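Novice: Residue numbers (my numbering), protein chains in the order written: chain L, 1 to 260; chain G, 1 to 260.
Mixed in with the good hints there might be a few duds.
One copy or two, it doesn't matter: identical chains are merged, so the pair holds either way.
[What the hints assert, rightly or not] Computed cross-link-like contacts, SDA-like style, restricted to lysine to any residue with a CA-CA straight-line distance of at most 25 Å:
(1) LYS76 to ARG238
(2) LYS76 to PHE239
(3) LYS22 to ALA101
(4) LYS8 to GLY257
The set of hints was computed from the structure by calculation and includes no laboratory data.
Every value quoted in this text rests on a predicted model; they were computed, and no experiment measured them.
Number of protein chains: 2
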Amino acid sequence: MTDQNLSKGRILVVGLGPGPEKWLTPEASDALVIASDLIGYGPYVERAPHREGQLRHASDNRVEIDRARHALELAKAGRVVAVVSGGDPGVFAMAAALFEAVDHGDETDRAVRIEILPGVSAMQGAAARLGAPLGHDFCAISLSDNLKPWAVIERRLTAAAQGDFVIAFYNPASRARPDAIHTAFALLRSLKAGATPVALARAVGRPDERLIVTTLAEVDPSLCDMSTLVLIGSSETRFVERPDGLAPWIYTPRHYGAGR
Amino acid sequence: MTDQNLSKGRILVVGLGPGPEKWLTPEASDALVIASDLIGYGPYVERAPHREGQLRHASDNRVEIDRARHALELAKAGRVVAVVSGGDPGVFAMAAALFEAVDHGDETDRAVRIEILPGVSAMQGAAARLGAPLGHDFCAISLSDNLKPWAVIERRLTAAAQGDFVIAFYNPASRARPDAIHTAFALLRSLKAGATPVALARAVGRPDERLIVTTLAEVDPSLCDMSTLVLIGSSETRFVERPDGLAPWIYTPRHYGAGR
């Protein structure tokens, strides 16, 4: 490693958004152009336009720390590395994995230039399609398996209900823990009104988008897959009926108590 | 109102992001071009490039419902109305105000075509500059005055601490309730460790950006103004020291208990 390489190499952690080009920021588009190397989960790397001379390092879904280490080594060798991530890389995604790698690395890792490029996260794309469910206080919880004890998830679901937050679930369906979403909904049904608006927003902004607008009493958790973002209202969240057979809008008023 | 006007008129609720062009989505940029009318809080309307023939309706900060009603009337008259909002319009912003107006309006309001165009929200811009504080479960709470009883804020802060969420505060400084941020931090200090990482991120992405990285014990709440986004870590959130006098990164590991 030379000083020259150190000053030139860097890592750009790029948020691709939920899918469509129209939600990709100019900053993220530029990063995909200037990078010498793209690193990421295969389907995300595939989203970037192919460019001559650019190296592509696609990897599997469960190797975030290996991927982060690889990015650090490339940057220290003077490469401009775009680590691509769906949605916003700062929200349940690659940015945290990268800083974990730096935290457990050595002094040279801490000197690497790192820039996080934010993007539209899945809950924002879903909210935009549904109305304005995130119009007031909300929380985001990942149900991903392996990453935390179920007791922590249960504690957070209980707190989210007690605080009457709107709730967004990321990673609701998990191969290692297939009953997680069922258990989560059962717990919330014991803590919140059955009439609470619920939406399942799958593959938002993509050709296979599917939106289900329902209630906590009626939702079928088995309809959630790994591409589904789940939104659960607060006690204030309301439906607004629409004509012509369209699904109702869902929104959460800015004023507490306004909907009563 | 004619059928032709109804089919042509529509409302695009546009998220401008935290400020810089590089964070404005292509969808939002296009909306600012195709709109016949721009409606919004003055400083947001000013951010859009001036276009010949486009009407601009700038208004004060506290008239969201009037603005929403105005947009509905223009759309029903066949206009293509861009309602401009900072950040993401779905997060503590104009989208909820618009659906409130529709909810309290008549049948013709419910038939208006409405599209919400998501954007990068302030907490995402702040998180990107700071590291990856939103790498694990988090919640977003508005401290805005007038919009909810203090008891609701207190209940949510307590729940957020009990659930050990990372916390983002929007609108931390309020003219009508100047001691809110002090009271909020005092409550959190009674519930969380003093060493918890805290960041005050002001005007992120703009020329007057200012980032303060500190702890819950040491933070000075009087440094928050209306352009400040406050981030408060969970028990897992960690600092990563950097060389050359740079402020440490802040990140929240994806694995609960990983940092211990």
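Novice: Kindly indicate which numbered hints from before are broken by the structure, ordering the numbers from low to high.
Specialist: 3, 4
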